[in-house]
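Here the protein sequences come in this chain order: V and U. Oh and the first sequence: position 124 is 139 in the numbering used here, straight run, nothing missing. Oh and the second sequence: position 224 is 226 in the numbering used here, straight run, nothing missing.
No lab work stands behind these hints: they were computed from the structure. From the three backbone atoms N, C-alpha and C, an ideal C-beta is built for every residue, glycine too. Hints may be right or wrong, so weigh each one.
Unchecked claim - The calculated lysine-lysine pairs, modelled on DSS-like cross-linking and capped at a C-alpha distance of 25 Å, are:
1. V:Lys243 with V:Lys21
2. V:Lys113 with V:Lys156
3. V:Lys156 with U:Lys246
4. V:Lys183 with U:Lys60
5. V:Lys113 with V:Lys238
6. V:Lys274 with V:Lys286
What the hints assert, rightly or not - According to the in silico footprint, chain V covers these stretches of chain U (three or more CB under 8 Å from chain V):
7. 63 to 70
8. 108 to 115
Said to hold, decoys possible - Take a look, some chain V residues computed to stay more than 12 Å from chain U by CB distance:
9. Val23
10. Gly45
11. Glu123
12. Ala150
13. Lys156
14. Asn197
15. Met203
16. Val224
Each chain, letter by letter, is given below.
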Amino acid sequence: MTLTDKEVSMLEKKAEEIRETIINMLVAAGSGHTAGPLGLADIFAAFYFHILTHDPRNPDWEGRDRLLLSNGHTVPARYAAMAHAGYFPVAECLTLRKFGSRLQGHPERLRLPGLETTSGPLGSGLSQAAGTAYALRMDGKKNRVYCMMSDGEQEEGNTWEAAMFSGKYALSNLTAVMDRNNIQIDGMTEEVMPLEPIADKYRAFNWHVLEVNGNDIAAFITKVEEAKAIYEKPTLIIAHTIPGKGVPEIEFDYRWHGKPPTKEEGKRFLKEIRTLGGRVPGDYA
Amino acid sequence: MLNNNAHLSEKVFADDIEKAPTRDGFGRGTVEAGTADPNVVVLCADLAESTRAEWFQKEFPERFIEMGVAEQNMATVAAGMAGAGKVPFIASYAAFSPGRNYEQIRTTIALNERHVVVCGMHAGVSVGPDGATHQMLEDLGMMRMLPRMTVIAPGDAEEARKAVVAAAKHDGPIYLRFGRAGTPIFTTAQTPFAIGKALTLWESEVPQVAILSTGSLSYAALAAARALEEEGIQSVVLHVPTVKPLDEAAVLEAARRSGRVLTVEEHQTAGGFGSAIAELLAERHPVPVRRLGIEDTFGQSGEPEELLRHYGLDAPHIKDAARALLRAQ
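One chain only, chain U, in its complex shape (with noise of 0.2 Å):
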């Protein structure tokens, strides 16, 4: 059943609950951020309208940046921002930042400890018609690894909002994770969120199997359980949106009363959230581990939910998964 105490959405399992792309999160959430502190700046690679960085641009134009396709120049254009007392957030696609200014993220922001807030929009094969090339899914992995960043995957545009908001107040380098299809809206403003925390969605008396998610999958792993009780099967599902710090307490929470954990990201399994699980469980509380992401390969063209569900990322492949790991000794 569902956890009260998560204060999601009335409508969460109704057709018309209403949706919007994380990067609605990133848009309000910088310009909530700009109201409460004058230091706030956005800088945008040439990509102002999609990633949502206009709202803050229209709010706020003389903080707003505008770097041209530049995103190496913007991740240290930031760095240098921050030493001089600003909070800057960057956005371009994942793809690009940090796919392609990784080192310099890593040199001038994260060894550096600089703090400046790296925004991956167009996350995930989600972002559909645009290809493998848009279709950013090895940034979790990359980020994690960078020691002092923090890195965060809003599971919807509302808890978008929220983790824009605190990493304005947070202090050191951090990176969130944005992505470009409309998702599911399942929080509400009074869910629960802090960084590094997760949250429990779904809980059971007696759980057979924990599922855990980031990002906006954690909608269908939610989905996914809800079915699963349909067919008499009990499960916990876990929301965690800060992949780093990764909230042990809950994850090995959820794996001592299940017994078994099936992760969900999107993202390549290797390397990225389910990595991240399996890592901790194998040296702190081994269960039978399944992780759900893309295996080794890259993404296409196609429609976002099309594509989710050629990947195996739909509610219905979760659930099936889940089953399968039942079975597992």
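Only chain V is shown next, with the shape it has when bound in the complex (with noise of 0.2 Å):
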């Protein structure tokens, strides 16, 4: 199923708004993670608008597709996203972090409903994934499940047990799609402590690897779907990001990891993705 031009230009433009509200977001809580929920803007918009079968209004339905966030503190652009997609008012996408909110810090399933868990501690959502899917398909569900991860989690041994899991009970309705940004907090993932050949171990853990530019949103679409067609196997899908992707001047910077704009910062950032109108060139080939 190719998407059509208009398809894609609705997609990058949603990408574009949660990147607004992302900044918007971050400069008034003053702090939390810029690069990496910038990155993901275009795979939440990819999900919330294209691939997942959901209903914002009853996020509890039992139809919904799973989608689990184990990298919890890239949630600001999966709150952005299912803001637009109409779960809860945009607006309160401003009270991120604050005392009260149903938008934690590191997202809490009891106090926003779709959330589907709580998480932020690394290294725990694939399993939960995979409990997931292992009853669903208990119980003859179609539903998918998939989980978002981050490359620097894969340094934790849980995500392995998970992985060694997945494959032997070959949960082929289970996609995971790792952030492939090489950035965690203490500098690249190559130095603190190297991943590759990251497509190579999860191949020899019994999972179908698929590799693709995480900012293209039609290509990372492609790839979702011929996810669904390995039956036998669960499915990684390795997105490269960029981080701090569609603000050119904070792109590839680690420091921007774990730290918020400043107001300036904030209006310079906006008036940059706007420039870019959506469509972020690709640098993965």
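Reconstruct the complex from the two isolated chains, following the hints.
Next up, the structure:
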């Protein structure tokens, strides 16, 4: 199923709105992560406006696909996408990280319908997604389970326990997406703790592995469709993204992993995002 | 004298009282719960025989999930399954679950409020020859600190069965503690059990001391009370399987009637059952309290009975501690 040009430009427009909302919420919050969420705006636009079977007015609907966010610190991207998709008012995004907000610094399922899990501590999302996929399959249900995870959390042992489990039980209803942005708090992943050859590692654990430019919405959706056609294994999509994508002055800069823009920076960043007009050039071939 | 309303075993003080490990109650209870509810599943981390998870596996092979030696994954997979409508029991040794996977339990089960039943086997020094690494002595403390977590240490295999069945119906995160060694089955099918309720095993007209105990040591507490009576000392024995939430009314009543409280547990005295009792009494009804348990040390290899004797947790030591407490002002 190929996307029409019109559909692609609608999704790019949504990604731009998500990026703007991310900047606005982080400036208002005064703390939080900037690079990861910006890099994931395209993927979350693809999920909430094309891939997922879901109903924003009925977040607990049994027929929904499950999207679990393992790397909870990137949740501003998810909040922004959910708001634009109609789960809650976009204005509520400005309560991020504030006292009494449903939008906790790291996502809490009990506070905001539609989150599926509580996450932040790294390495436990893939297991929960695997458990969900296993249980749904036991009941003969067709819902698909997606798990967003970071590259840094591949350093957690729990991730590999989950990879081994999912491979053993051939959870073909599970698609994991790794945000391969190459940065973590202390620096570049390959310097902090080398992950490569990460695709080969997952293949060795009996996964089907695909790679894609995670900032190319149409290409990403194509890979997700491809994963649905793999019946005998779980699929990992390694989505190469650019941290800080959409704001050229902070792209690739790991120092933007864990800090928010100031008010002044926020204004400048918003201008940069709008100048791009939603079109994010592909850097990964 | 024995509390008749507890419907204890007729052989309660007989030499040939039947014995079984509380983990047998896990095996029987999960089969019972699994029969009643098709959503009950059992996950096990490569310990199917010794945890008795294989009893469920034999009955419901399609609902038994072998996890391999991966306790962190077991807890989190269970959280995911609970989110999709299953009622998962996760079984391993308490030293590893919740010992190794505590953060996963905290975040994905407690904070995430999932109905997962964490089953910690081989708790206490009575594990025996395996030694300190496998003798979990900190689990009650770890688990009772977690908001939303219910914590239960059943007193015998029959009560363990009831606790498992109740846990399957209880909506929320829950921890059950089991032992390896065979211990007397002093309760019966008629003995009342409810989550959050304590049970008076022994009562006297004018008790001078209350012995509050949890887990299988409640039988030793009962034997101590009987020995005290022979020495002319009146006591109450309150068995408190649910460490959290405490049956506060029953604990306070025992303290008011007796004026002195001795706690007994196969666990560190810091942070566990005795601490919970002391915290409650310090704020609500201060009386002299002594806590029997493991005193800031680890276990070691040995036979269960000799280890319990060594660490001062058998009936004679409990009796002596109660007598000593009578002298407290």
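Do the hints match the structure? See the list:
Taken as a hint, the Lys243 of chain V and Lys21 of chain V pair is honoured in the structure, with Cα atoms around 24 Å apart against an allowance of 25 Å. Taking the CA atoms of Lys113 of chain V and Lys156 of chain V, the gap is near 38 Å; set against the 25 Å cutoff, the hint is violated. Only pairs whose Cα atoms come within 25 Å are accepted, and Lys156 of chain V paired with Lys246 of chain U is rejected, the gap being roughly 37 Å. Proposed proximity of Lys183 of chain V and Lys60 of chain U is supported: the alpha carbons are some 21 Å apart, at most 25 Å.
With a C-alpha separation of about 37 Å, the suggested pairing of Lys113 of chain V with Lys238 of chain V is violated against the 25 Å cut-off. For the hint pairing Lys274 of chain V with Lys286 of chain V, the CA-to-CA distance comes to about 19 Å; that is within 25 Å, so the pair holds. For the segment 63 to 70 of chain U, the stated coverage by chain V is satisfied: 5 residues place a CB nearer than 8 Å to a CB of that chain, which reaches the threshold of 3. Interface restraint, the segment 108 to 115 of chain U with chain V: holds (5 residues with C-beta to C-beta distance below 8 Å; minimum three).
The beta carbon of Val23 of chain V sits about 33 Å from the closest Cβ of chain U, which is more than 12 Å, so the claim that it is off the interface holds. Residue-level check passed: Gly45 of chain V sits 24 Å from the nearest beta carbon of chain U, beyond 12 Å. Glu123 of chain V, annotated as away from the interface, has a beta carbon of chain U within 12 Å; the closest lies near 7 Å. Consistency note on Ala150 of chain V: stated as away from chain U, yet its beta-carbon is not over 12 Å from all of that chain's, at 4 Å minimum.
Not every CB of chain U is more than 12 Å from the CB of Lys156 of chain V (nearest about 8 Å), against its label as outside the interface. Distance to chain U confirms Asn197 of chain V as a non-interface residue, since its nearest Cβ pair spans about 26 Å, more than 12 Å. Listed as outside the interface, Met203 of chain V is consistent with that label: its C-beta sits roughly 26 Å from the nearest C-beta of chain U, beyond the 12 Å cut-off. Its beta-carbon lying about 20 Å from the closest one in chain U, Val224 of chain V satisfies the requirement of being farther than 12 Å from that chain.
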